[in-house]
Structure formats: structure tokens, C-alpha cells
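> Work out the full structure, taking the sequences as your base and the hints as a guide.
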Amino acid sequence: MVVSKRIKIPRDGVDSTQLLEHLLEYFSNTLTGEVLRFAIVEVIGEDLIVDASIMVKDARTKIKTGGGIHG
Amino acid sequence: MANQFVVAHIIPTGVGADIGGYVGDATPATNMIASIADKVISHPNVVNGVALNLAGRNVLYVEGYSLDRFFKGEAELKEVEKNKIGVVLDKGIETEGYDLAVNTINALRTVGGVEIVCVLKTKEETMTQAVKTKSNSFVGEIEHEQTLIEACREAIKQGAQALAISLNIKIDMKDLKAYFDGKGANPYGGAEAVVSHLVSATFGLPAAHAPLLSKYEIYRETHSGTVDPRAAAEAIGPAYLGSVLRGLDRAPRLVTQGGDVRVDDVDAIILPYTCMGGIPALAAQKWGIPIIAVKENTTVMKATPDILRMKNVVVAENYWETGGILAAMKEGIDPLELRRPVKKLTIA
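Chains as they are written, first to last, in this note's numbering: chain A, 1 to 71; chain B, 1 to 348.
Treat the hints with care, as some may be off.
Stated by the list, open to error - Pairs of lysine to aspartate or glutamate residues, derived as EDC-like cross-links and limited to a Cα-Cα distance of at most 20 Å, are as follows:
#1 B:286 <-> A:21
#2 B:78 <-> B:265
#3 B:134 <-> A:47
Since the hints were made in silico from the structure, they are not lab data.
Below is the structure:
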């Protein structure tokens with residue numbers, strides 16, 4: 001099943017050149033399932049607000065990180 | 001790709017982009033860019049105009065997930081003369097929807113010379129639906145994605161080198177009306193992108209999605225009166241597979257090495273000003289690729305270059321300015337030297 005989820009991710013002062021790795025690392029550490037599609041949709045304070053589409057198989061699924069929001 | 005000027009033109013799907021948020025309405029802007037650049041890397045949302053796909057020959061049609069892999073430096077683009085295409089249709093709609101799909105496929109074969117290796121139906125309904133976010137953009141959810149994967153696998157067995165997917169996406173008809181009135185994002189867009197991302201992620205082949213409409217939806221789309229001009233291509237006949245098949249016919253394949261275009265060949269990326277939060281823009285920051293942020297192309301997103309504290313971003317008010325900036329870049333002229341006042345240099 002592919003589900004959509006809004007996630008708040010602290011920026012932790014990360015420079016823009018490191019933002020992509022920062023997000024991918026956050027997904028791999030915190031989410032179960034494969035992130036097919038994501039984008040930062042807005043920023044509130046120091047938090048990045050991200051919309052993600054995630055393929056969920058089961059709790060043991062190893063995360064892989066993926067795409068942006070362009071079709 | 002030495003001595004070639006390569007530009008990416010990205011407009012995210014389902015975010016209500018003023019240009020490119022409808023059906024193929026960013027094609028003129030893309031073709032303007034393609035008149036300056038040697039190659040333009042773009043994606044289905046930008047150039048799919050229902051039955052029409054009028055993108056220039058030097059526009060590379062790359063699905064979003066593949067585009068992300070390309071920008072992350074995981075894959076390269078290999079251009080092809082032709083792809084054999086497999087078509088996968090959702091189960092569960094009335095005959096009228098399938099008739100429209102098959103007639104569209106046959107039209108592209110007989111008029112466009114597109115090669116179709118098979119047309120398959122999923123074993124069960126995928127139950128794909130559009131989901132509206134708090135930002136008023138659209139994303140998508142799929143309940144039975146395995147039935148889609150199985151059908152795609154069978155199409156590949158039958159020789160498909162690219163996959164055209166057409167699923168029935170459940171939407172709220174109020175959202176469709178708002179869209180046709182020019183007051184809301186395309187409700188199909190986000191779910192379409194999720195479907196093509198899923199297929200590309202699973203098989204690594206070129207893929208794109210076209211909505212498969214129910215009898216009622218076909219009636220609604222063709223009896224909506226005079227719609228927003230940017231949605232007119234839908235109102236005259238929802239033969240969505242047309243643009244997808246045209247795009248996939250020559251879509252580049254993804255390879256891990258030996259490709260024709262690599263991420264370090266990209267000279268600039270053009271995006272709406274409020275859409276800096278996706279992989280292409282974030283990867284551009286990582287690789288030092290200049291971004292041209294187009295302000296006039298408004299969306300419901302709020303991820304601007306200033307709020308994300310981005311560097312190496314040139315703001316263009318509109319696509320007219322974008323053309324000038326690109327022409328300067330191609331000639332090796334710093335675009336800022338074309339403006340006044342000239343920034344004074346100081347010795348640090």
C-alpha cells in the first residue's frame with residue numbers, strides 16, 4: 001500500500017548543500033517503508049515540513065529513500 | 001556531453017502551478033528553453049497535453065523517480081531511437097473507458113508509428129485515490145499496488161522497454177470543477193506521480209501515467225462548458241494516453257554508466273520560485289548547479305530559495321527573463337552583468 005504522510009523534520013542548522021542528505025538520513029533513521037516521493041512544502045521556524053508518499057509493506061521492510069514531487 | 005548546453009525544466013505535479021499545473025501548458029515554455037539549450041531534461045507533467053505532446057525533439061522525457069535518481073548521481077540518461085511500450089490498464093471501469101483507451105493507443109500506432117507490445121489489465125482494481133494535503137496540493141494513495149506490479153512484470157516479459165500505466169484515480173468531483181475553473185490544483189496529478197514513481201522504482205524503466213476515466217468522468221470532462229484555457233485539452237477529449245505514448249516512444253533509458261547525459265552535464269535547472277524543496281533543487285545545491293527560480297509561476301508550495309537559505313539561485317520574474325538568463329549562461333556571460341547597478345567588488 002502506498003500512503004501519504006506529512007512529516008516535520010528539524011533542520012538542525014544544516015547548510016543548503018547538505019539538505020538532501022539530511023532528509024534522506026532522517027527517512028532512513030525514522031521511517032519504515034520506501035519513500036517514493038517527497039518534497040519540503042514549507043518551513044516553520046527551523047522545521048522543514050515535508051509531504052511524502054511511502055510504500056508500506058510490513059514492519060520489517062528495510063527503508064529505501066526515493067523521489068521528489070514531479071510526475 | 002562536452003560543449004553541450006543542458007538545462008532541466010522541472011514543474012512539480014499536483015501543486016497548482018500557474019504554468020504547467022494543467023495539461024501540457026508548460027510546453028511552450030519548455031520549447032522556448034529547448035530553442036536555446038542543446039538538450040532539455042523534463043518530465044511528463046510538464047509536456048503531457050492529454051492527446052497532445054508537442055515537446056521538441058531535444059526535450060528528454062524522464063519520469064520523476066528516474067529524474068531523482070539522475071539528480072542524485074545514481075544514474076545516467078541513455079538516449080534511444082525508440083522504445084517498445086507495454087500498456088497496463090486498471091481493472092474495474094465500464095467499457096466506455098477501455099474503448100477510449102484502446103482507440104487512443106491505436107491512434108498513436110497508426111498516426112504516430114508508436115510500437116505497442118501488449119495491452120494488459122490488472123487482475124484487480126488498484127484502488128488509487130487522490131489525497132488533498134493541508135497545502136491544497138494533491139498526492140496519491142494506492143491500496144493494491146501489487147496487482148499493478150504484477151501486470152507491469154508481465155508486460156516486461158512480453159518485451160516492453162517502457163511502461164504506460166493508466167489507472168482509474170478516485171477524485172472528488174468538486175476538486176475537478178475547481179480545477180476546470182482555474183481555482184485549484186489538478187486532482188489527478190499527485191496520484192499519477194506516485195504511480196509512475198512506484199513503477200520506475202520497481203523496474204527502472206521509463207514509465208508514465210495517464211488517467212483512465214469512468215463513463216461518468218468522460219461525460220463530466222467533455223460536458224464542462226468552456227473551461228480554463230489551460231485545461232481545454234482535457235475538455236475536448238480525455239484521450240490521456242496519447243501524450244504519454246508519444247513521450248515514452250523516445251524516452252531515454254536509465255543506465256548506471258555509459259549514458260549520454262550525466263548530472264554533471266547539467267548547466268542549469270529551472271523551477272517555480274516556490275518549489276525548491278524537491279530532489280532536483282536540493283541536488284542542484286549539492287552539485288553546485290545554478291537554479292533559475294521563476295516567480296510568475298506561482299504554486300501552492302511555500303518552499304522558496306530564501307526560506308531554505310539557498311545559494312547559487314538566480315530569480316527570474318517570468319519565462320521571458322528566463323530565456324534571457326539562459327542565453328547569457330550559454331554564451332558564458334554572468335547574467336548579473338546584464339543588470340544595473342553593477343555590484344562593487346572589495347578586497348577582503
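> Evaluate each hint against the coordinates.
Comparing the hints with the structure gives:
1. B:286 <-> A:21: Measuring from Cα to Cα gives roughly 9 Å; hence the hint holds.
2. B:78 <-> B:265: 13 Å, holds
3. B:134 <-> A:47: 16 Å, holds
Violated hints are absent here; each numbered hint is respected by the structure.
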